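We have chain W; now place chain Y onto it with these hints.
2 protein chains.
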Amino acid sequence: MRKLRAEQFGLTRKVDYGSPEQNEAVRRIVEAVRTEGDAALLRYTEQHDRVKLDESQLRVTESEIQAAYDRVDAGFLTAIREAAANIRKFHEKQMRQSWVDVQPDGTMLGQLLRPLKRVGVYVPGGKAAYPSSVLMNVIPAQVAGVPEIVMVTPPATGGKAGIDPYILVAAAEAGVKEMYRVGGAQAVAALAYGTATIPPVDKICGPGNIYVALAKRSVYGVVAIDSIAGPSEIVVLADETADPAYVAADLLSQAEHDEMASAILVTTSEALGDAVAVEVERQLALLPREGTARQSIDGYGAILIAETMTEAIDAVNRMAPEHLEIMTAEPMALLGRIENAGAIFVGPYSSEPVGDYYAGPNHILPTNGTARFSSPVNVDDFVKKSSLIYYSKDALLANGDNIMTLARHEGLEAHARAIEIRLERERNA
Amino acid sequence: MRKLRAEQFGLTRKVDYGSPEQNEAVRRIVEAVRTEGDAALLRYTEQHDRVKLDESQLRVTESEIQAAYDRVDAGFLTAIREAAANIRKFHEKQMRQSWVDVQPDGTMLGQLLRPLKRVGVYVPGGKAAYPSSVLMNVIPAQVAGVPEIVMVTPPATGGKAGIDPYILVAAAEAGVKEMYRVGGAQAVAALAYGTATIPPVDKICGPGNIYVALAKRSVYGVVAIDSIAGPSEIVVLADETADPAYVAADLLSQAEHDEMASAILVTTSEALGDAVAVEVERQLALLPREGTARQSIDGYGAILIAETMTEAIDAVNRMAPEHLEIMTAEPMALLGRIENAGAIFVGPYSSEPVGDYYAGPNHILPTNGTARFSSPVNVDDFVKKSSLIYYSKDALLANGDNIMTLARHEGLEAHARAIEIRLERERNA
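If you're matching them up, the sequences are chains W and Y in order. First residue of the first sequence? That's 1 in the numbering used here, and the numbers climb one at a time after it. First residue of the second sequence? That's 1 in the numbering used here, and the numbers climb one at a time after it.
Extracted from the complex, chain W is given alone in its bound form (with noise of 0.2 Å):
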């Protein structure tokens, strides 16, 4: 691995916009879908999947979703049951309550909380299907109340049409009722505008091929959208104290996830530095992704070595990691000065993939130095607010004058005037 001095090192990679002609293929696919509905999804799926569908087999029945759960092995329905139950009750955590607030002149301010009503969720096919990605995203949908959640996945290609047993099962655990087979941008596009098949939602999330990501992006205001997402980073901020070895295997567990996939350690320690390194060279030659955990470790992998533990810290808060793990020894006495990081590991026995399978929290998080300003998936990204004004007549009497002042600079007189008329009937009552 690359060794570099951590002073002046920021991590920042470009946001792909996609090409001319995929940005025009995406925006043809999404016009023809708003416009023709389920005729122009079926015709897509036959061209990108090439599955000849009718509108009848949209939709997974409910003997499919069972017929999967017969399909799925013992030790993974264990696992992913318990995954599910911690992050429910991580996610459970965050749920807020509306609140009011009651003043004495009987003036009533308040916040009101109320989930959104529907949300889609892309899961997408192939290699890239993972049933902890479907956890992640439907249930802090769930537990924040949202009472219709939809899933879209693309069907298998090549005629077949069926779904990868384990999403099915994933999403059936995580209580998704309504599911659908349809992917690309054409999936996008039936969700944020409806077809005769698939009423629109007001949301959709969930990862995708760069299709997807400018099909949403294309409908955002239409509907929202969830971040969208870059390649995955982990920074390790260690000291002498850390075992080379689990830093190594921690780096590599990121590194062997895409070819554009960052792995840093930022390290007070010149001599675990040198460690690590050859323990990184040891544990990719036995790896099944080698190829692609080298890629990555050679791209964008890289040994900082920082004079002091601030000047470590301060690299850490300019990159803004999507995963940090602090391996030092008080790793809790440093948690106060990391600014910006998406999930913060702490100590040796907090490894990334327990995060990312298990623990609770949310594995979506903030990438490419977006932690700076934003968060991972939380129960809030599935919860509006609207606020609350109830004025009393004694109220509007007390504070009115104060109100036709700001408006009346501002030049807006009919807003005067609301008060104004109110004022006038009132006191002459």
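Hints listed in this document are in silico derivations from the structure and should not be mistaken for laboratory results. None of the values given here were measured: they were computed from a predicted structure. It cannot be assumed that every hint is accurate.
Non-contacting residues of chain Y with respect to chain W, defined by C-beta distances greater than 12 Å in every case (computed) [claimed, not checked]:
hint, residue
1, 3
2, 22
3, 32
4, 43
5, 172
6, 309
7, 356
Within a straight-line C-alpha distance of at most 30 Å, the following computed DSS-like cross-link-like pairs (lysine-lysine) qualify [said to hold, decoys possible]:
hint, chain 1, residue 1, chain 2, residue 2
8, Y, 127, Y, 52
9, Y, 93, W, 117
10, Y, 89, Y, 127
11, W, 89, W, 117
12, W, 127, W, 177
13, Y, 93, W, 89
14, W, 393, Y, 93
15, Y, 89, Y, 117
16, Y, 89, W, 93
17, W, 393, Y, 89
18, W, 93, Y, 127
19, W, 93, Y, 393
20, Y, 127, Y, 177
21, W, 89, Y, 52
22, W, 127, W, 52
23, W, 93, Y, 93
We put the beta carbon where it would ideally sit given N, CA and C, even for glycine.
Leaving out everything else, chain Y in the frame of chain W:
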């Protein structure tokens, strides 16, 4: 006003994505500021605002702010201080705490909340310079604990380089210490990328013209942005007990904003509808901004007659209005059936200007039907979350096998090995 059946009425208008020429102009400005910094800022300020400045004049001085206080009238100062106190008090109630869940096996899972570090607030110049909007953008950020809040606003055109003293005073009252006289797409680019004079921010908020909106859209991802507002809307839900003069005054307070503003009455009482139509005409003729208000009423105003209150409420929920007033015999009883609305004003004395200026809840609200999934500006918009994950050795030993099962199912062997290497060492220790 047009009288329509409520049944099938929906309200969604097009978002303005700008012309190709406007997009190209913004792209050029943003790129120039990104690469040339202050030089480009000053050049565009000279071109667009016809004011020639040097770098040292960009920042508004302390003495200029003091001078502004001498120029605003006392009634305004009293009113804006009262409003600021109300807004602060309301938004303080939105504040949340970091939390942690400690389990018997030593596991600690939590959610850390931290304010964004630096936020930029755009304030338009000229007619659209609203002191109330300064408060509504700045105070939530300040309550959230954002340590650096910076305001940008264009200098008065034509060589004077001054800024409306009311804007300076509102910003100072809200707590802004750092203000720059620069506007347009160039100001947004400076906030996103930073220049020698203006350090970059983490989030940009505040309204502006189409160039400002397009510039914000183009830097989204580099920084966070707030939502891009559409024209303002009010829906009044009323029955036969409502006062037609109050209803008409409130509709017109929205209509005077701009020609695209929308003001709609939904009522179960045809008699009220007719009376409101008469009142709107009567009051309209007396307004200084009659022309604007009339265009708005003619283009986007409507009186919807519903058969039943259920039908009326359905229409409201379909429209998902920015502002909703409820003037019925028992307005609080309907609150639970309102699913979608940015702010809900209850009863005859809660006229919309009460909330626009003064009561405390934010006046920056979701427009154009986005109240289905968006919220008023609030403290959460200036806070980011990080997940905290601490697994003890015991917790990892107890759960490691399930984690490996899930990782291996997804073909991510390096994830499994990051757990396995720890289990092997600790079980053999």
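Hints, verified against the model:
Residue-level check passed: residue 3 of chain Y sits 22 Å from the nearest beta carbon of chain W, beyond 12 Å. Taking the minimum C-beta to C-beta distance to chain W, about 18 Å, the non-interface status of residue 22 of chain Y holds against the 12 Å cut. Residue placement check: residue 32 of chain Y keeps its beta carbon more than 12 Å from all beta carbons of chain W (closest about 19 Å). Against the 12 Å criterion, residue 43 of chain Y stays outside the reach of chain W, whose nearest CB is about 27 Å from its own CB.
Residue-level check passed: residue 172 of chain Y sits 16 Å from the nearest beta carbon of chain W, beyond 12 Å. The non-interface label for residue 309 of chain Y is consistent with chain W: the shortest C-beta to C-beta separation is roughly 19 Å, beyond 12 Å. Not every CB of chain W is more than 12 Å from the CB of residue 356 of chain Y (nearest about 6 Å), against its label as outside the interface. Proximity of residue 127 of chain Y to residue 52 of chain Y is assessed by CA-CA distance (about 22 Å); at most 30 Å being required, the pair is judged to hold.
Under the criterion of a C-alpha separation no larger than 30 Å, the hint pairing residue 93 of chain Y with residue 117 of chain W is consistent with the structure, at around 26 Å. Simply put, residue 89 of chain Y and residue 127 of chain Y have alpha-carbon atoms about 29 Å apart, close enough for the 30 Å limit, and the pair holds. Restraint check for residue 89 of chain W and residue 117 of chain W: satisfied, since their Cα atoms lie roughly 22 Å apart, inside the 30 Å limit. Of the supplied pair hints, the one linking residue 127 of chain W and residue 177 of chain W holds, its CA atoms being roughly 24 Å apart against a limit of 30 Å.
At most 30 Å may separate the alpha-carbon atoms for a hinted pair to count; residue 93 of chain Y and residue 89 of chain W meet this at roughly 25 Å. With a C-alpha separation of about 24 Å, the suggested pairing of residue 393 of chain W with residue 93 of chain Y holds against the 30 Å cut-off. With a C-alpha separation of about 22 Å, the suggested pairing of residue 89 of chain Y with residue 117 of chain Y holds against the 30 Å cut-off. Simply put, residue 89 of chain Y and residue 93 of chain W have alpha-carbon atoms about 25 Å apart, close enough for the 30 Å limit, and the pair holds.
A threshold of 30 Å between alpha carbons decides the hint, and for residue 393 of chain W with residue 89 of chain Y the separation of about 21 Å falls inside it, so the pair holds. Proximity of residue 93 of chain W to residue 127 of chain Y is assessed by CA-CA distance (about 46 Å); at most 30 Å being required, the pair is judged violated. A threshold of 30 Å between alpha carbons decides the hint, and for residue 93 of chain W with residue 393 of chain Y the separation of about 24 Å falls inside it, so the pair holds. Distance hint between residue 127 of chain Y and residue 177 of chain Y is fulfilled; the C-alpha atoms sit about 24 Å from each other, no more than 30 Å.
Restraint check for residue 89 of chain W and residue 52 of chain Y: not satisfied, since their Cα atoms lie roughly 59 Å apart, outside the 30 Å limit. Our distance criterion of 30 Å between C-alpha atoms is met by residue 127 of chain W and residue 52 of chain W, whose separation comes to about 22 Å. Restraint check: the Cα-Cα separation between residue 93 of chain W and residue 93 of chain Y comes to about 19 Å, which is no more than 30 Å; the hinted pair holds.
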